[in-house]
Structure formats: structure tokens, C-alpha cells
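Enquirer: Here is how the chains run, residue by residue.
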Amino acid sequence: MNTNWDRREFLKKTSLATVAALAAASPMAGLISCDSKKITSTADTVILLWMAGGMAHTETFDPKKFTPFEKGMESNSVLSTFKAVPTILDGINFSEGLDSIGNVMNRGTLIRSYVAADLGHILHSRHQYHWHTCYEPPQSVSAPHLGAWIAKELGPLNPVIPAFIDIGQRFTVGEGEELKAFHTAGFLGNEYGPFMIPDPSSGLESVRPPVGMSVKRFESRNKLYHDLISQRPHGEFGSDYQKESLKRSMEQAYILLNSPEAKAFDLSQEPKEIYDKYNTGRFGLGCLMARRLTEQGARFISVTTEYEPFKGWDTHENGNTRLKDMKKQIDGPIAQLILDLERTGKLDRTLVILASEFSRDMMVEGRPGLKVLEQVDQPNVIQEMKHYGMHRHFTDGCSVLMFGGGVKKGNVYGKTADERPCKTIEKPIKIDQIHQTIYHALGIDPETNYIIEERPFYTTPDGKGKAELELLG
Amino acid sequence: MERPFKSTVFYNTLALSFFVLTNLAYGSDDAALSTDTTFWLWNFMGRLHPLMVHLPISFLLLAALLELLTRKNFESSLRPGINTLVFVGATSAVVAALLGWQLSNQEDNIGDSFTVHQWTGNITAIVGSITAILLYRIQKNKQVRLVKSYRLILFLSTLGVSVAGHYGASLTHGEDYLTSTLPWSNDYVKANNFNLTSVRGDSALSLAQQQELIIQVKGIFAHNCYKCHSSQKVKGELRLDQKHMALKGGEDGLIIIPGKPEESEIMRRLTLPRNDEESMPPKGKTLQKQEIELLSYWIARGAPWPDSAGQTTGFRIAKLEPRNPPLPAASSSAFTNPVDLWVNEYFIQNKITWPEVVNDRIFLRRIYLDIIGILPTPEEQEKFVSDQRTDKRSLWIKDLLNRNDDYAMHWLSFWNDALRNDYTGTGYITNGRFNITDWLYKSLQTNKPYNQFVKELISPTKESKGFIEGIRWRGVVNSSQTTQMQAAQNVSQVFLGLNLKCASCHNSFISDWKLEDAYAFANIFSDSTLEINRCDKPTGKMASTKILWEELGNIDSKANRTEKLKQLSEFLTKPENGRLYRTMVNRMWAQLLGRGLVEPVDAMDNEPWSQDLLDWTATYFTEHHYDLKELIYLITTSKTYQLPSTGVSDANNIGSADFKFAGRLRKRISAEQFSDALSGILIPVFPDSIIKYNPFGKLKFDQSNQLFARASLVANDQFLTALGRPNRETVSTGRDSQANLLQALELTNGEKFNRVLTKGAGYWKEKYPESDGLVNALFSKALGREPDKKELEVARQMLGDTPDVDAIADLFWSVLLLPEFQIVY
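Sequences listed follow chains A and B, in order. My numbering runs 1 ahead of the 1-based position in the first sequence. My numbering runs 8 ahead of the 1-based position in the second sequence.
Be a bit skeptical, because a hint or two may be false.
Stated by the list, open to error - Derived lysine-lysine pairs resembling DSSO-like cross-links, with alpha carbons at most 27 Å apart: (1) B:Lys668 <-> A:Lys224; (2) A:Lys72 <-> A:Lys325; (3) A:Lys181 <-> B:Lys700; (4) B:Lys293 <-> A:Lys224; (5) A:Lys181 <-> B:Lys293; (6) B:Lys767 <-> A:Lys217; (7) B:Lys522 <-> A:Lys181; (8) A:Lys224 <-> B:Lys156; (9) A:Lys467 <-> B:Lys545; (10) A:Lys465 <-> B:Lys235; (11) A:Lys217 <-> B:Lys798; (12) A:Lys410 <-> A:Lys387; (13) B:Lys760 <-> A:Lys467; (14) B:Lys798 <-> A:Lys224; (15) B:Lys235 <-> A:Lys217; (16) A:Lys465 <-> B:Lys522; (17) B:Lys470 <-> A:Lys217; (18) B:Lys775 <-> A:Lys465; (19) A:Lys248 <-> B:Lys700; (20) A:Lys224 <-> B:Lys773; (21) B:Lys327 <-> B:Lys243; (22) A:Lys465 <-> B:Lys291; (23) A:Lys387 <-> A:Lys409; (24) B:Lys789 <-> B:Lys391; (25) B:Lys797 <-> A:Lys467; (26) B:Lys359 <-> B:Lys668; (27) A:Lys431 <-> B:Lys773; (28) B:Lys545 <-> B:Lys574; (29) A:Lys467 <-> B:Lys235; (30) B:Lys293 <-> A:Lys428; (31) A:Lys248 <-> B:Lys789; (32) A:Lys248 <-> B:Lys798; (33) B:Lys473 <-> A:Lys248; (34) B:Lys545 <-> A:Lys372; (35) B:Lys293 <-> A:Lys465; (36) A:Lys224 <-> B:Lys767; (37) A:Lys224 <-> B:Lys797; (38) A:Lys428 <-> B:Lys545.
Derived from the structure by calculation, the hints contain no laboratory data.
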């Protein structure tokens, strides 16, 4: 938090209520928290790999007893529909199909005890909102995304690369409006909002001159603009902040679109063999772009498998079949991302997190002991392959991966039960702890807050979240 | 043994009946009899409760244990001992319950723990007595068949005594007394870090530092002490929520000795060993080291507690009732508009001289953008400039106000922001939200009187219910975000300029509003009585039903929701509610002059830069049929409105209390104004097919009558978002004027903008084959003026003699992004 003298001067002349209230229009650093304990950062960049739609822990990073498909089998007897395969870590198995990630686990921490919020009715977009903002929707003010907080507190790492980049999510899909509600900087202001790249393969279009415009023309257009500005009587509108910010941001945009760094968005620049390693689809290419952006100095990047109702990880049927495909999409690119970052020396200061809004189970909807309305249909006896899989939404035990950026290496945190319900039985960890751990790694004060509409709004509710230092090395 | 048995049973029964009756008479929640009216002996007796409770616990448990050991032989040698244990245990349970009832009268106990404790305690007393009766009958009448029942009931009473004991302990020691010591508890490590670096120093504290400090101090009080030392509950005659009360001290005198933390009682109490009876806070957690340090520092620096002049609480409260100050005498005939008379007075006071009013060009651009949201055409400009009538400015304003549809399409955006109304957004997917556009558009189009407008939103029809129905998400929501609470928050924010969001979770730290007030207000919007939740935890107290200002009228708490809302809508819109109309006048002033008389516009308790102007205009508004157009007319026809614009270099200065008004503040053109200007000058930005609300039936683009799909009629998109149209998930009453990178990127290479530029260029190429004509037309349409020589030269150089589409598009881009186009001045 920066307490500058301008604000003090200005505080002097205003009443208590006004001071606080003022920030309604333009948030300012909160008064309650301060920068007493300077945290030493261990990361500069965060890459969030988002498994949208609910990734079953027992089918991925926390396999349980495997029961092969058989007609007439009882649903209740199935805990995992894949074999468990050893990883590089002693005694730690992953579900089959994640071997490459298993091989790099000595570079990171596996959390097996994430407990998602209990928001009653299971609704993906609501739990995603909660994961990304740390606040349960709805809120009386617009809550900022994790990436926006980071963009606001730390700014861009490289001034021409937007501080908060979001790769792979379209808003034209179902629940698009609910997704928009948290893909936002909220009260922090649009400046810190996500730079959206819905499709990484056409990412370059977002950062180059308009389609059909040559670089030469782009230059001359910019020159014309400045010529016209300079024709006007000097000092028109003085140093109005609107004018200044307009000029400054137009300048920034011009620099970005013209900069060598913008090439990071251009995946065609990548050697073919590397490109192919990542090219498992949009998510894989998103990982590639994240890597390229990290090399150029990105601050926060989110790469998502994309949320679309009943697609991707949101398996309401055919769970087993579809997860084979999902694993193919993520396994190679994620492992490659870690290795590439390590090779370039970036991994040390880049925190990579893989997470999902909640897990899935074949039987338990929500959390053991709580009755959730509208369960996904699952017959007691499985006759068809389409019922073989984790189709219900489970919140009481989820897996999260963390790599680099000061995270402990080869570490396993927490545990879930080996029998149904496969819920967290050791070291439950919640979203405010996850957020605070990320902030801690980045050196952001845990009590960072802004006075918005006259009251402090913290990075985590009431500023109460605590970093889980055990995750950090 | 016979006699004691009998008398025990008799007295127990007598005591119990008395106890049950009194409990029924007082109810369980109404325990707030104040201590000073109670006879000292009862208080003393009450405080024996914690002592007395140990008797039934130990006696009954021991009795049960012995009963268990002798379960094979009822008439064992231990029988007389067990009998004594049961009778004494049962009696003491009743006595303990009675004393507990006495104690509960002395202390305000609310919450789950208390309720559970109270009722398990009562039940234990009753069950214990039944045990004694059964045992008595077994012994007296040799009814051996009752032995099983007796034993069962005895075990039940031990269960009761354990539960009651546990919750009782939770009350005295805090609910997390036991669990907080466990390593996996959330409280195991304390996270709150206060610090002093921002205020610590040897030099005298500035007012700003004092204020910063007191905010932190009050935060500590609020979280740790208010529970027992605020308006809600006053223990030891001490209140810490208000300055004079905190400094006055409690029943034992001063608690704060400015400059001397080591002599201050408050510091002594806070730092006592935890097991000391006087240690504070008595229940729950002690203060953290940093918190104690901060308090100590605050006292050492003289316990500064700055407040605003004359306000005892430190929170300024605006008057509710309307006020009609007599107009100042006109010092010159130049001032015919009352607004100018007030501003003139303000200018004299602040030694500001009246500048010349702006020229016709600037004036026309201003009123077009302000009143109907679009730019004047070159033809209109010409007509206006050549208009010779002396009162042409007023006449043209009138004409614009009469363009009902243009007016409605412009103000629709303002009201959509404020009323959180949009075509798309969260909630619609599950029918948890209702669109009110049709009602809103028609209300604006017909210029519905503002009192009626508000009435229809608060006591709605099917068409206007969307505002108070809020957004209902599927699943469990925080109790401060129920739709009833949303209604209470939004109605108070939008119509009354009042922030109720703090008070809907706990007593506000920033105003005098209490949790109970917020719930009482929210209750009006509820079908069934709401239970008060503090910080999302039920308190067991049910909300009353009240308007925030009771002097406006009493809501019938027994009436159904429809009736309650009808009453509320009538009471709130009364002319006596000056706040409602001041809030609207202030919003209108902010829209037209770039900054409210009061800032922020949602905090109407703040001081206006001219109270007289605000009050007078609000009264004018109510006396002129609550007519919004009349209000706009009054303001825009003033000389004040026509002064040259002013600017600030830092957006944070806009709300500053030492702000001096000297002419409207410049602001950035809005997303809708920008799109509509593009549509008017180039080609329609939005095809008719994507219109979400069509007031006209089939819209057809027609250059001559400026009819195109206005941006207020389409769904939000990436382009509009980048330019500042909010996602209307929450109330929004102002747009950001600050440009940013994401916006600049959208304007530099955004697909939509570039498509419009290119297509528009094609259209213009046909219309203006020659460069000079084209440049002149563009400047005239976009900026309302001719290009000067140098500008023409630069443009011509770029275009060549016969411009191609690309060059035209680039010229468009360069002109439309000029500050002169982007800013409303």
C-alpha cells in the first residue's frame, strides 16, 4: 500500500466520512492495513491453469481403488475408473493418462485437500466466481478477480504486456453472463481487468494493427493522430486527467502493438517440434502462449480448458471416456510448460497453479451429509458405459497442483479418504488460504484492502485469509 | 428420610411453577431489563449462578455413576447416598435455573449459545425434578416398576446438565475457548496485522494522521469491545462507540488518560492475565499485541479523536426535512435564474468572478450531449448560430427536452446503471432477475413525475418489479445479500444517497446506522419476518419493520408485503422527505455539471458546496410537479451551466471537500455517446437486428432523421465495456472518466471500431470525392467547427487529392480519438 502525501493533504481537509466515502468513485489504498511486514516475494508471475467444469480428484491426481467397467456393476463400488500409475514421487500415484505431469511432480507441490465452498445449490459459475474472487456471489460491490488484484498491486512486469491476461474463455457460451461477472477488475477499475484472448491460435490479432492494416499504414495513422493533436492550441484542457490518461493509454497501445514483445502472442514463431508438443488443442496452445508471455514478462495469466456447460471437465455422463480426452489435452502441455520454464530459468519466479472449482464423485452430490437439490442422475447399477464416470459435483476433496515461484518441491499436502466419501481427512485448505498463499509468494500484504463505498474491501473476506506457509519452500 | 423427600418435592414443584410462569411472561429474548432498576440482592443472586451450576453437574453425574455401578441391585448399601445426591442435585438444578434467569436479566445475552444454554438448563431443572419425584415414589410407595423409568430420566438429566454446562462455558469463556487451542483451528495463528508505520513518528500528528489513527482505534473497539460497550449494550456504564462517552469513562471513572497509557484503566484491563476477573474482553480472544500497541500509542499521543464540527458522533448527518431558503437579492439584472443567484452568492463568498459564458458552438454540443446524448448535425449548428432570438438558448433547450424519444434513449443508460437494469447479466438464466426496460423507457419518454417514478419502483407492477426484486442466485447466499437486503441497500443508495451496506451485516462503523435499522428496513420488502443475522450468523432476534426515518410514517408490520411496499412508497415520496429530492437534484447536477453539489453522489450526508442551492433546488423540484425535465431546464438555462468548463489533473481531487466550483467539470464522453456519435457520423455501429428493446417497431437507419440503433438499446459487448459501460450486476451511479490501456487497445485495433471506420469510409468516399470537402465535413460533424489551416494541411497531406478508403478511415480514427472529441466540455 502506498500512502502518498497527496492523499494525506487531501485527507486533512475532509471529514472522516467524506474521506472514506470518496473512494466510492475512485478506490484508494485502505487505511486499516499497512505495510509493516514487508514480505519477500518468491514469484513475479502467476500462471493459473484452470480446469473448468469440475475435475474429479479420484480420476486425476488422487486416484483410489480402480474398478474396471463391467455391465451390472454397482455405482457405489466405483471410486476410480482409471488405473493408478506411479509418479516420480515415492508412493504417490496419479490416475492413468497424467504420466507426464507425474514425472515433473518433483518440481512442485500436490495439494489433495482443497475443500471448495459450500454454496448450497451446485452451480459451476457460482463456484468459479468464488474461486476466482474469493467472495461468494452475489456481492453488493463488484468483486475483483484474483488477477485484477495482482495487476493492481504489482502492475505489469513488462510495461507493454497487459498485467492480467486471460486465455481460452469465450463469453458466448452458456452461463456467459455469470462468467463475465467475475472476469472483471470490479471496483478496482477496468484498467486492471482481463485482457481476453478467447483463442490462443489467433492471439496475435489482439496485439497487432487491425486486420488488413499494414505496419506502414499503422505508423502513418499514428503520426496523423499526433500531428492533429499538436495542431490544437497548446494547453487545451490543460493537464486534465481524462486527456492525459487518454494520451498515455493510446501511446501504450501503440507501443504494445508495435513492440517485439507482442510477438509472444504469435505462436507461429515457435519451432514446429515445440509447437507440436503443446498442440493438443486450445488449452495446450494456451499453455504455450503463457510460456511465451512469461518469457517476455507477464504478471498474471489464466489459461482455461474453457467452461461451457456439460463440456470439458463438466461430465454429467461418459465421464470415463471424456476424461481420457481431457487428460490428453492437459498432460503433455502442462509438463512441457514446467520443463520449458525450468530450462529458461523462469520457473523459480513463476508460480504455476492448476485448480478447478470443485471435484466430482459418482455418488455424493455436494458434500457428504448435505442434501443438494437436483442431483445428476446416476443409476445404482451401471449398465452402459455412459454411466461409468464421476458425474456428480463433489466439494469436500479436490486436488490442486502448484509449481515454481517458491513452492516446495516434491511435496504432498493433505489427504482424502480412501473409501467413499473420498473427502478431505487431513489439512483441509480453503480458497482464502490458497489466495493468500499466492499473494504471499508475490509479496502482497495479506491485509491489502481498498475503501470502497466507505468500507474496507480486502483481498480475502475481512482480510482473514492466511497464507499456508507449509506450501512454500 | 421421608420428610425431606416430601418437602423437596413440594418446594421443587413450587419453584418450578414460578420459574416456568415468569419465563413465559418475559419470553426468552426480552431479557434486557436494565440493572439499575433491579434490587441489588437479585443481582447478587444472579451472579451466584455460575457457582450454583456446579452442584447439579457434580451431584447428578455422581448419582448417575453410582446408579450405573449398582444397576444390578437397586437396594444396595449405596441407596441412601444416591438418594441424597439426586434430591440435592435436582434441587440445585432448579435453584441454578432460577439464579440463571435472574442473571440473564442483568446481561443482554443473545445468540445461539445462550438460547441453547437457557433451554437445556430449564429442561434439566424440570427433568431433574421429575427424577426426584420418581425416586420419591419408588421409595415411598415401593413402586418398583418405576425403577427403569427413573434411571432413564436420571441419565437424561445428566445429559441435559452436560449440554447446558458446555454452552454455559461457551458463554463465559467464548465459543472457541477449547477449540482455538487445537493446531488445526483457524484461530491457532492470528493473522491480523495492525501497524503503526503510517502514523508513528515523533512530530505532532497532523489532522490526517489523527483521523487515520482514530479509524484504526475505532476498528479495534468495534471488533473487540462494541459487543458490550456501545449503544447496543452498555456494560459498566461504558460506551466506546462515541467520543464523548469513551473519554468520559464508565462507572469506575476515566478509562483513558490522554498521554498516559500506563495510567489508563483500559490498558490495564486489556493487558491483565487472562484468568484475572477484570481482564478485557471478558469472553473470547484477547487483543493482539499490535492492537494493544496501537491503542497504547494512540493514548500516548493524547488520544486524539477529531470529529466534524458540532457532530458528537463524528458522522455528519444531513437533515431530512426540506428547506426553502429565501432567494438572495439580485445584485445585477444579469441574474434571472435562481440557480445563478445562489451561485453568485457562492462566488462572492469564494472570491470567484463570473467568467463569460461559452460560445454557441460549445453550448450547442453541450446541451445535445447532456440532454439527448447525441451530437448536433451541421445543419442544426448552422440553424442555431443564425438564430437571432435573444432567448434562443432556452428555446433550443426546450426543443431538445421535447424530443421525447431521443431524451428517453439517452437517459435510459443513466437509469439502467442506477437501477441495475440490463438486457443480459447474471440471474436471467434461472429466472432470478427481471428486466424493467419497457416500463423505464416509457416512464422517461412520458416524463413521469419523479415521485410517481419512485413509487412505481418501490411498490411495483409486474413491469417495474425488477429493481426491488434484485438478483437471485441459485444456492445459499450471504444473509447480507438476500433479495430483501439487496432491495434495502439499493433503494437507500439510489433514492436516498445512503450506504446501508455496512449496516446490513453489523452495526455500521461509518455512520450511526445499526444492524437493526437495516433489517427493519429490509423487512418491509419481505413476505415473512426476517431473522437478524450479524456477519452472516443468526442472532435469534427477529427484525422489526421500520422506515429508516420513522418520522416519515409507520409501516404496518402486520400487513402483507404488497401493502407494506405501498405504504413505504407513499411515505418515502412525501414532499417532507427532503432527502429523496435532494438526492435526485444532486444526481442531476452531477450529470449536467460533471460533479455533484455533494460528493460522492451516493453519500448525501456529506456536506454540499452550497447547502442553500441544494435545498432551494430540491424544493423547487417538488413544487414543480417533480418534473425532471423542468429540473433540467432550470439548471441548463442558468448562466452557471453555460460557464466555460474546468478540469482537474487528478481524478481524486474531484470529491475533495475543498473543491471550488467555477464551472462544469469536463468529463469523458460515455460509451453510448461515443457509439451514437459514430453511428450518426459514419454508419450505424449496431445493426437493427441486435436491438434488445425497440421502442418504435421496425427501426430503419436513415441519415436524415438520425434514426439508428442507439447504444442504450443493445446488449453490452466488449466494445461498450471497454468504453466504460458497467456490467449492471450492482448499482452504479457514475462512470469512470479515466482512460486505460485495455480501452485504448479496443479503440486501436478492436474489430468493431475498425469495421465501422472502414465501412464508413466507403460510404464517405462516395459522398465526398474531394479531400477538402471531406475534411471540412468531418470536422463540422464531429467537432462542430471548421478545420484550421494547419489541420487542413496535415489532413490533406495524408489524404492526397482523391482519398482512398484506407486514408479516410485513418483520418476518422485520428479525429475521433482527439481529446476534443472524446471529452465533453
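Enquirer: If a hint holds in the structure, say so; if it does not, say that too.
Expert: Hint-by-hint comparison with the structure:
1. Using a Cα cut-off of 27 Å, the hinted pair Lys668 of chain B and Lys224 of chain A is violated, with the two alpha carbons roughly 38 Å apart.
2. Pair hint Lys72 of chain A plus Lys325 of chain A holds up; C-alpha atoms about 20 Å apart against a cutoff of 27 Å.
3. Between Lys181 of chain A and Lys700 of chain B, the direct Cα distance comes to roughly 19 Å. Compliance with the 27 Å bound is thereby established for this hinted pair.
4. The straight-line distance between the Cα atoms of Lys293 of chain B and Lys224 of chain A is roughly 65 Å, outside the 27 Å bound, and the hint therefore fails.
5. Distance hint between Lys181 of chain A and Lys293 of chain B is unfulfilled; the C-alpha atoms sit about 40 Å from each other, more than 27 Å.
6. Restraint check for Lys767 of chain B and Lys217 of chain A: satisfied, since their Cα atoms lie roughly 21 Å apart, inside the 27 Å limit.
7. Distance restraint check for Lys522 of chain B and Lys181 of chain A: the Cα-Cα separation of roughly 34 Å exceeds the 27 Å cut-off, and the hinted pair is therefore not satisfied.
8. A hinted pair counts as satisfied when its Cα atoms are at most 27 Å apart, and Lys224 of chain A with Lys156 of chain B does not qualify at roughly 100 Å.
9. Our distance criterion of 27 Å between C-alpha atoms is met by Lys467 of chain A and Lys545 of chain B, whose separation comes to about 22 Å.
10. Only pairs whose Cα atoms come within 27 Å are accepted, and Lys465 of chain A paired with Lys235 of chain B is accepted, the gap being roughly 20 Å.
11. Between Lys217 of chain A and Lys798 of chain B the CA atoms are separated by roughly 23 Å; this keeps the pair inside 27 Å, and the hint holds.
12. With a C-alpha separation of about 38 Å, the suggested pairing of Lys410 of chain A with Lys387 of chain A is violated against the 27 Å cut-off.
13. Only pairs whose Cα atoms come within 27 Å are accepted, and Lys760 of chain B paired with Lys467 of chain A is rejected, the gap being roughly 44 Å.
14. For the hint pairing Lys798 of chain B with Lys224 of chain A, the CA-to-CA distance comes to about 15 Å; that is within 27 Å, so the pair holds.
15. Note on Lys235 of chain B and Lys217 of chain A: the hinted pairing is violated, with a Cα-Cα distance of about 69 Å set against a maximum of 27 Å.
16. With a CA separation close to 23 Å, the supplied pair Lys465 of chain A and Lys522 of chain B stays within the 27 Å bound.
17. The straight-line distance between the Cα atoms of Lys470 of chain B and Lys217 of chain A is roughly 57 Å, outside the 27 Å bound, and the hint therefore fails.
18. Among the hinted pairs, Lys775 of chain B with Lys465 of chain A is inconsistent with the structure: their alpha-carbon atoms are about 64 Å apart, more than 27 Å.
19. Our distance criterion of 27 Å between C-alpha atoms is broken by Lys248 of chain A and Lys700 of chain B, whose separation comes to about 34 Å.
20. The hinted pair formed by Lys224 of chain A and Lys773 of chain B meets the criterion: a straight-line CA distance of about 22 Å does not exceed 27 Å.
21. For the suggested pair Lys327 of chain B and Lys243 of chain B, the alpha carbons sit about 32 Å apart, so the restraint of at most 27 Å is broken.
22. The straight-line distance between the Cα atoms of Lys465 of chain A and Lys291 of chain B is roughly 20 Å, inside the 27 Å bound, and the hint therefore holds.
23. Taking the CA atoms of Lys387 of chain A and Lys409 of chain A, the gap is about 39 Å. The hint is violated against a cut of 27 Å.
24. For a cut-off of 27 Å, the pair hint linking Lys789 of chain B to Lys391 of chain B stands: about 14 Å separates their Cα positions.
25. Only pairs whose Cα atoms come within 27 Å are accepted, and Lys797 of chain B paired with Lys467 of chain A is rejected, the gap being roughly 64 Å.
26. Only pairs whose Cα atoms come within 27 Å are accepted, and Lys359 of chain B paired with Lys668 of chain B is accepted, the gap being roughly 10 Å.
27. For the suggested pair Lys431 of chain A and Lys773 of chain B, the alpha carbons sit about 61 Å apart, so the restraint of at most 27 Å is broken.
28. The straight-line distance between the Cα atoms of Lys545 of chain B and Lys574 of chain B is roughly 31 Å, outside the 27 Å bound, and the hint therefore fails.
29. For the given pair, Lys467 of chain A sits about 25 Å from Lys235 of chain B by alpha-carbon distance, which is consistent with the 27 Å threshold.
30. A hinted pair counts as satisfied when its Cα atoms are at most 27 Å apart, and Lys293 of chain B with Lys428 of chain A qualifies at roughly 24 Å.
31. Between Lys248 of chain A and Lys789 of chain B the alpha-carbon distance is near 23 Å, which keeps this suggested pair within the 27 Å criterion.
32. Distance check on the hinted pair: Lys248 of chain A and Lys798 of chain B sit about 21 Å apart at the alpha-carbon level, within 27 Å; holds.
33. Of the pairs offered as hints, the one joining Lys473 of chain B and Lys248 of chain A is violated, with about 43 Å between alpha carbons and a cut-off of 27 Å exceeded.
34. Among the hinted pairs, Lys545 of chain B with Lys372 of chain A is consistent with the structure: their alpha-carbon atoms are about 21 Å apart, no more than 27 Å.
35. Between Lys293 of chain B and Lys465 of chain A the alpha-carbon distance is near 15 Å, which keeps this suggested pair within the 27 Å criterion.
36. Only pairs whose Cα atoms come within 27 Å are accepted, and Lys224 of chain A paired with Lys767 of chain B is accepted, the gap being roughly 22 Å.
37. For a cut-off of 27 Å, the pair hint linking Lys224 of chain A to Lys797 of chain B stands: about 18 Å separates their Cα positions.
38. Taken as a hint, the Lys428 of chain A and Lys545 of chain B pair is honoured in the structure, with Cα atoms around 25 Å apart against an allowance of 27 Å.
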